[in-house]
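A.B. asks: Two chains, two frames, a set of hints: combine them into the complex.
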Amino acid sequence: MIGVGKTKQYASVLDKPLSRGRQEVSLSAFAFLFSELVQYNQTQVDNIAELERRLEDAGYAVGARVLELLCHREKVADSLEKGTEHEDEYMISEKELLVNRFISVPKDMGAFNCGAFVAGIVKGVLDNSGFPAVVTAHFVPIEGQHRPRTTILIKFAEEVLHREARLG
Amino acid sequence: MPPLTPPKSGDALFASVDRVNAELFTLTYGAMVRQLLTDLEEVEEVNKQLDQMGYNIGTRLVDEFLAKSNVSRCVDFKETADVIAKLGFKMFLGVTANVTNWDAEGTSCSFVLEDNPLVDFVELPDTCQGLQYCNVLSGVIRGALEMVSMKTEVTWVRDMLRGDDAYEMRVKLIKQVPEEYPYKDDD
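Protein sequence lines correspond, in order, to chains A and B.
Residue numbering for the first sequence follows this note's numbering, starting at 1 and increasing by one per position.
Residue numbering for the second sequence follows this note's numbering, starting at 1001 and increasing by one per position.
Keep in mind the hints are simulated off the structure, nothing from the lab.
Don't take each hint at face value.
[What the hints assert, rightly or not] Derived coverage of chain A by chain B (criterion: at least 3 residues anywhere in the stretch with Cβ under 8 angstroms from a Cβ of chain B; other residues may be distant):
1) 133-141
2) 147-160
[To be verified] With the Cβ distance kept under 10 angstroms, some of the chain A side facing chain B (calculated, not the full set):
3) 25
4) 26
5) 27
6) 29
7) 31
8) 32
9) 34
10) 35
11) 65
12) 101
13) 105
Backbone N, C-alpha and C fix where the C-beta goes; we use that ideal spot for every residue, glycine too.
Just chain B, with the same shape it has in the complex (with noise of 0.2 angstroms):
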C-alpha cells in the first residue's frame, strides 16, 4: 500500500501541472471548431462531434485526474460533483465551477463556470447560432464519470454564447454500473 496522502487542494494541484498559455488553448480549440463546421457543416453534426471529442478525451483524462490529485472514493454523487468543479475543472483548466440547483434525490445538479477559457474572443455567426460551442466541456463529463462507473446525461442549459447570463451544464446520475471483478488481465 502507498503511503496515504491527503487530497490536494485545488490551487495546489494546478501548480502542481505543466501549464501552457491559456489563449493558445483557447485559439487551437477555434480552430479546430472552424474545421469542424468547414468539413461537417450541419451545426448538428459538428455539437455530435464536439461531443465525442469531449467523451474520448474524458476517458482519458480521468486516469491522470486520479493519479495525481490523491482523491478517494467518493461516497456520493454530490461528493463527486463538487470534486470536478473544485479539483477536476481547476487541474485542468485553472477555473473552478460552482455546484447548485440539486433535484431531490440528489442524482442531477448544474456546474455553473464563473470563467470559461474555451470561449474567449469567440462570438457565434448568426448561421451558427445552433451551434453548443461549449459541447466539448459536457463531453469530457460524460466520459470521465464513465469510466468511474457512473451513467450520465449532460447538457448545456445556460450558454453566454448563446445570450445567457452564464454557463451552465446540467448533470443528470443515470445510473452507477457496478464495478466487475475480477478484471482480465487482457482488457
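This is chain A alone, in the form it adopts within the complex (with noise of 0.2 angstroms):
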C-alpha cells in the first residue's frame, strides 16, 4: 500500500484500495488498547449496567463497519447454539473470549461482562445487515473449570422470525 519513502496521496479516504484484510496486530496491542477503552469509560458512568452499555456502543460502532465478525473470521466460534427454551434465541459460546482473555473482574464490579464489546459487534453486524436483535454478553460457569466460558446471546425481533417463517 505504502512505498518506502514514497506514499500515495489519495484525495479522499474513499479512493483508497481497500486494505487486503489479512495483516495483523499483536494481541497485546489490541488488549493494551481495549484495557484502555474500558479504565476510559470507568471514569464516564456510575454504575456497572451502563458501563456496559457504552461498551456495546463502542462495539456497535465497530460491528455496524465491517459486517463481519472479524474476531471470528479466521476461527469458528466454540459453539453456536440454539436456545432450547426459546425459537427466536442463539447463543455463540467461547471458552476465552478475546476481550475477556487478558481481563480479571474486580468482585466489586460484579457480573460486569467485558464481552460487552463483542455483543455491541455482533449486534452491529446484524442490525445492519437487516436481523435486528438484542445481543447481551454472559458469563456461564463450566464445571471443573476456573474461568467462566462467555456466551453472547442473540435475541432476533420478532419481525425477523416472522420474515424467516413466511420465506420459509
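C.D. replies: Below, the structure written as C-alpha cells:
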C-alpha cells in the first residue's frame, strides 16, 4: 500500500484501495488498547450497566463498519447453539473470549462482562444486515474450570422471525 | 543467571506473539476516538487524553517487550531508537519505522512510519482538523522510555491525515534519570 519513502496521496479515504484485510497486529497491542477503552469508560459512568452499555456502543460502531465478525473470521466460535427454550434465541460461546482473556473483574463490579463490546459488534453486524436483535454477553460457569466461559446471547426481533417463517 | 539468548529479529519476534486481525484493532481505536470526541468535545482535550492513554499503555508494554525480545541494555540513545523502530513497532503493530533526522548531539531523531495500522479507513472531518489522531503512539513511546529511565518529549511533525506525505514523530531525549538502587520491595 505504501512504498518506502514514497506515498501516494488520495483525495479522499474512499479513493484508497481497500486494504487486503489479512494484516495482523499483536494481541497484546489490542489488549492494551482495549484495557484503556474500558478504563476510560469506567471514568464516565457510575454503574456497571452503564459501563456495559458504553462498551456495547463502541462495539456497535465497530460491527457496523465491518459487517463481519472479525474476531472470528479465521476461527470458528467454540459453539453456536440454538436456544432450547426460545425459538428466537441463538448463542455463541467462547471458552476464553478474546476481550476477556487478560481481564479479571474485581469483586465489587459483580457480573460485569467486557464481552459487552463483542455483543455490540455482533449487534452492529446484525442490525445493519437487516436482522435486528438484542445481543448480550453473559458469563456461564463450567464445571471443573476456574474461568467461566462467555456466551453471547442473540435474541432476534419478532419481525425477523416472522419474515424467516414467511420465507420458509 | 538465565542463559543468554540473542535478541530476536523483528520478524521472528512478531511471529512468536499471539496476533489478532489488524482491522479489529484499527476499528476499535476508531471507536474509542469517536467516544472521546463525543464526550470531551474539545479536540485539544481529546489529544491530551489520547496521549495519556498511550503513556499508560507504554508504561506497561515495556515490560512485555523486554521480557519477550531478549534485547540487552542499549549503549546509547541511538541504539534505543533503533530497537524501538525495528523491534518495538514490529512486535506490537507488525510494522517497522525508519529512524532519521538525527541532530548533532544524538539526542533527538524522527521515527517515520511506512505503514500505520491506526489510520486505515480514517479521514479527518473539517471539524476535527486539529486532532492528533495518532497521539496514542507518541504517548506509548514516551511512557515506555520513561520506564527505562529516559525522559523524552514526543511530538508529531508530519501526519498524512493532515495532508503531509508521511507519518513522522520527533523524539527528543530530555534527560536520563539515574536508576536508584536498591529498589524497595514494596514499591
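A.B. asks: Decide, hint by hint, whether the structure agrees.
C.D. replies: Here is how each hint holds up against the structure:
Check on the segment 133-141 of chain A: 0 of its residues sit with their Cβ under 8 angstroms from a Cβ of chain B, so the three-residue criterion for coverage is violated. Counting residues of the segment 147-160 of chain A whose beta-carbon sits less than 8 angstroms from any beta-carbon of chain B gives 0, not enough to reach three: the coverage restraint is violated. With its C-beta approaching chain B no nearer than about 5 angstroms, residue 25 of chain A sits inside the 10 angstroms limit, and its interface hint holds. For residue 26 of chain A, the interface hint holds, since its Cβ comes within 10 angstroms of a Cβ in chain B; the closest pair sits about 5 angstroms apart.
Hint on residue 27 of chain A holds. Least Cβ distance to chain B is approximately 4 angstroms, under the 10 angstroms limit. Interface hint at residue 29 of chain A: satisfied, since its Cβ lies 4 angstroms from the closest Cβ of chain B, which is below the 10 angstroms cut-off. For residue 31 of chain A, the suggested interface contact is upheld, since its CB lies about 9 angstroms from the closest CB of chain B, less than 10 angstroms. Because the beta carbon of residue 32 of chain A sits about 4 angstroms from the nearest beta carbon in chain B, less than 10 angstroms, this interface hint is met.
For residue 34 of chain A, the interface hint holds, the least distance from its beta-carbon to any beta-carbon of chain B being 7 angstroms, beneath 10 angstroms. Because the smallest distance between the Cβ of residue 35 of chain A and any Cβ of chain B comes to about 8 angstroms, under 10 angstroms, the interface hint for this residue holds. Hint status for residue 65 of chain A: holds, given a least beta-carbon distance of 5 angstroms to chain B, under 10 angstroms. With its C-beta approaching chain B no nearer than about 9 angstroms, residue 101 of chain A sits inside the 10 angstroms limit, and its interface hint holds.
Using the Cβ-Cβ criterion of 10 angstroms, the hint placing residue 105 of chain A at the interface with chain B is not satisfied: the shortest such distance is roughly 19 angstroms.
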